[in-house]
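S.K.: One-letter residues, chain by chain:
There are 2 protein chains.
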Amino acid sequence: MARVVGDEVSNKQVIFRDYVTGFPKESDMYLRTGTIKLKVPEGSKAVLVKNLYLSCDPLMQFFMRKVQGPDRYDYYTPGSPVFGYGVGKVLDSGHPDFKAGDLVWGMTGWEEYSLITKSEGLIKIQHTPDDDVPLSYYTGILGMPGMTAYAGFYEVGAPKKGEYVFVSAASGAVGQLIGQFAKLTGCYVVGSAGSKEKVDLLKNELGFDEAFNYKEEHDLNIALKRYFPHGIDVYFEHVGGKMLDAVLLNMRHNGRIAVCGMISQYNLEEHEGIKNLLQIGFKWIHMKGYTHLNYYHLYPKFLDLVLPYIREKKIVYVEDIAEGLESGPAALVGLFTGRNFGKQVVAVARE
Amino acid sequence: MARVVGDEVSNKQVIFRDYVTGFPKESDMYLRTGTIKLKVPEGSKAVLVKNLYLSCDPLMQFFMRKVQGPDRYDYYTPGSPVFGYGVGKVLDSGHPDFKAGDLVWGMTGWEEYSLITKSEGLIKIQHTPDDDVPLSYYTGILGMPGMTAYAGFYEVGAPKKGEYVFVSAASGAVGQLIGQFAKLTGCYVVGSAGSKEKVDLLKNELGFDEAFNYKEEHDLNIALKRYFPHGIDVYFEHVGGKMLDAVLLNMRHNGRIAVCGMISQYNLEEHEGIKNLLQIGFKWIHMKGYTHLNYYHLYPKFLDLVLPYIREKKIVYVEDIAEGLESGPAALVGLFTGRNFGKQVVAVARE
Numbered sequence: 001m002a003r004v005v006g007d008e009v010s011n012k013q014v015i016f017r018d019y020v021t022g023f024p025k026e027s028d029m030y031l032r033t034g035t036i037k038l039k040v041p042e043g044s045k046a047v048l049v050k051n052l053y054l055s056c057d058p059l060m061q062f063f064m065r066k067v068q069g070p071d072r073y074d075y076y077t078p079g080s081p082v083f084g085y086g087v088g089k090v091l092d093s094g095h096p097d098f099k100a101g102d103l104v105w106g107m108t109g110w111e112e113y114s115l116i117t118k119s120e121g122l123i124k125i126q127h128t129p130d131d132d133v134p135l136s137y138y139t140g141i142l143g144m145p146g147m148t149a150y151a152g153f154y155e156v157g158a159p160k161k162g163e164y165v166f167v168s169a170a171s172g173a174v175g176q177l178i179g180q181f182a183k184l185t186g187c188y189v190v191g192s193a194g195s196k197e198k199v200d201l202l203k204n205e206l207g208f209d210e211a212f213n214y215k216e217e218h219d220l221n222i223a224l225k226r227y228f229p230h231g232i233d234v235y236f237e238h239v240g241g242k243m244l245d246a247v248l249l250n251m252r253h254n255g256r257i258a259v260c261g262m263i264s265q266y267n268l269e270e271h272e273g274i275k276n277l278l279q280i281g282f283k284w285i286h287m288k289g290y291t292h293l294n295y296y297h298l299y300p301k302f303l304d305l306v307l308p309y310i311r312e313k314k315i316v317y318v319e320d321i322a323e324g325l326e327s328g329p330a331a332l333v334g335l336f337t338g339r340n341f342g343k344q345v346v347a348v349a350r351e
Numbered sequence: 352m353a354r355v356v357g358d359e360v361s362n363k364q365v366i367f368r369d370y371v372t373g374f375p376k377e378s379d380m381y382l383r384t385g386t387i388k389l390k391v392p393e394g395s396k397a398v399l400v401k402n403l404y405l406s407c408d409p410l411m412q413f414f415m416r417k418v419q420g421p422d423r424y425d426y427y428t429p430g431s432p433v434f435g436y437g438v439g440k441v442l443d444s445g446h447p448d449f450k451a452g453d454l455v456w457g458m459t460g461w462e463e464y465s466l467i468t469k470s471e472g473l474i475k476i477q478h479t480p481d482d483d484v485p486l487s488y489y490t491g492i493l494g495m496p497g498m499t500a501y502a503g504f505y506e507v508g509a510p511k512k513g514e515y516v517f518v519s520a521a522s523g524a525v526g527q528l529i530g531q532f533a534k535l536t537g538c539y540v541v542g543s544a545g546s547k548e549k550v551d552l553l554k555n556e557l558g559f560d561e562a563f564n565y566k567e568e569h570d571l572n573i574a575l576k577r578y579f580p581h582g583i584d585v586y587f588e589h590v591g592g593k594m595l596d597a598v599l600l601n602m603r604h605n606g607r608i609a610v611c612g613m614i615s616q617y618n619l620e621e622h623e624g625i626k627n628l629l630q631i632g633f634k635w636i637h638m639k640g641y642t643h644l645n646y647y648h649l650y651p652k653f654l655d656l657v658l659p660y661i662r663e664k665k666i667v668y669v670e671d672i673a674e675g676l677e678s679g680p681a682a683l684v685g686l687f688t689g690r691n692f693g694k695q696v697v698a699v700a701r702e
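Order-wise, the sequence lines are chains A and B. Using the working numbering, read the first sequence as starting at 1 and increasing by one per residue. Using the working numbering, read the second sequence as starting at 352 and increasing by one per residue.
Don't take every hint at face value.
Straight-line Cα separation of at most 25 Å, DMTMM-like style, residue types lysine to aspartate or glutamate; simulated pairs [unchecked claim]:
hint : chain 1 : residue 1 : chain 2 : residue 2
1    : B       : 626       : A       : 270
2    : A       : 242       : B       : 561
3    : B       : 626       : A       : 205
4    : A       : 225       : B       : 621
5    : B       : 593       : A       : 272
6    : A       : 160       : A       : 205
7    : A       : 66        : A       : 272
8    : A       : 275       : B       : 620
9    : A       : 66        : B       : 570
10   : A       : 275       : B       : 561
11   : B       : 534       : B       : 561
12   : A       : 225       : B       : 623
Hints are computed from structural coordinates only; laboratory data are not their basis.
Could you put the whole structure together from the sequences, leaning on the hints where they help?
M.R.: Okay, here's the thing in structure tokens:
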């Protein structure tokens, strides 16, 4: 229970220290306890939430940099809280679509309580007390990464039954869902990941036909030829660099590459050069960058598809939940060394 | 007039010497005079043509290599004639769609007369004696490069009125047509080329809004920022390498890159690495390789669009015609050093 200070309560926060180059370190963030009024200012359309679950997303590293990166987001301000996607409970609302007691997901601060002024970006969660779908899923499979996987799979890559599908970073929040969509569609799907445990997860729990540890392969081209003797129809790109170069050599005619991210490249001062782009012309490859931001209109359709799959256990989802706001910086930093096992979440409070 | 030898006539040919690495040299081909019967073998569906105009296309370098390159073509055989797209007059035909006297375009040999066994690939030219559209145009603007430009512009890049369009190798057979389609559509279009004369052609004859000589630019990124202060919506890619890397930095959100070829890379033992592919994810760029091969069904629609433009002089087309089969090897080799000025054609005979 929050400590009350006059008409304010105490509010633990994860503060962004200063702009970073390369991947963030734990010391780029620090904890501070401030205070907050649990009321929305008069006449404002803001929404005041108690944060329950915070999402750790690769995207957040860009918010910590001064230059470069996708430019349709706000970036962090040194001395202010880190923010990202999260699930919260509405305590007070100036926006007609939300009222106290509602559960919502969207952009929120890394703190116990947040006053969300851009409340139009929030999405109300339909959740009943007896619902067996965990609320934390709305940071992942039912939130931004889920939307990303859905858009990437059905709108961008669009593999058909019988096609050969490859997913990199396949045990991550987006990859694990894409692989399962591929199996539900009747594709042959192979995933790459960075540890034996992740490879086992892909093969034994998530239903991938094959999986391999890219760190154990001397030549990714040879590895891909082993798993795809007939080539790759659709590649879901999350890593970039050498993997992309090897994939290009193994694409089939009219193959598609859905580019969600290139996490292997983000921390490099100079990005690796991709040498096999001639294949795009030779094989009429279709490569497309995408983001969930363009697909929000499909969110209800997405839920209609995925919620039954989750309830029927036709889709499995693996989360790595760090307990407490204090564990946030380490959890976030762990994303970039592959320390997380499944979708990385920070639990701030359970209700 | 061909020398008659028994029931055969003499047939001058350009012979492919042996597989090449890198760009072809004149010495990779030689002239030989053989003989040919001007009759299609009994029961065959072949077509016998007298070749009039032969097309020099960048594509042909791949047919000279043992490995690599697009794989939906036949490759050259050492000791046999070079082949490529051309215009010919039918002398005899075993195929019901063609008869003596017809004019056709399609894959033919670099020789005076060719027996075309894959006659199903030939297209009949609707040409009357008083037609003011030159027959040689069916090697270019009305043939394969024209189809390529049409498909690239209307089906792949699909720029809309007011969009910012960039074309590399803009004075080439495909580029010059794409630029003119862009102007007819109401786009702002800039082209790059490799000499002052070509830049003048683009600006003064072909109606490009701007053009620049890439060889005179120290930093292609800066050059592109000068011509595209608001960025590029659609890039028509014909060169690859450093130009592509600079273009990626200057693309707008949802930009499209139509990949027709990457001529700067074909002769390199090791291809240049492209470092700015992260922009594909950041800006939701859509990059697509294509070829005319997938768009033959649109050929009648393409002619309906382009023939009136040519007759009304709303589209200008520049050819560089080398006279005589003997000039063929030098003309073909000149493509790769940029010696040609407009579409390179070899005139074997005028009728």
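S.K.: Looking at the structure, which of the earlier hints fail to hold?
M.R.: 2, 3, 10
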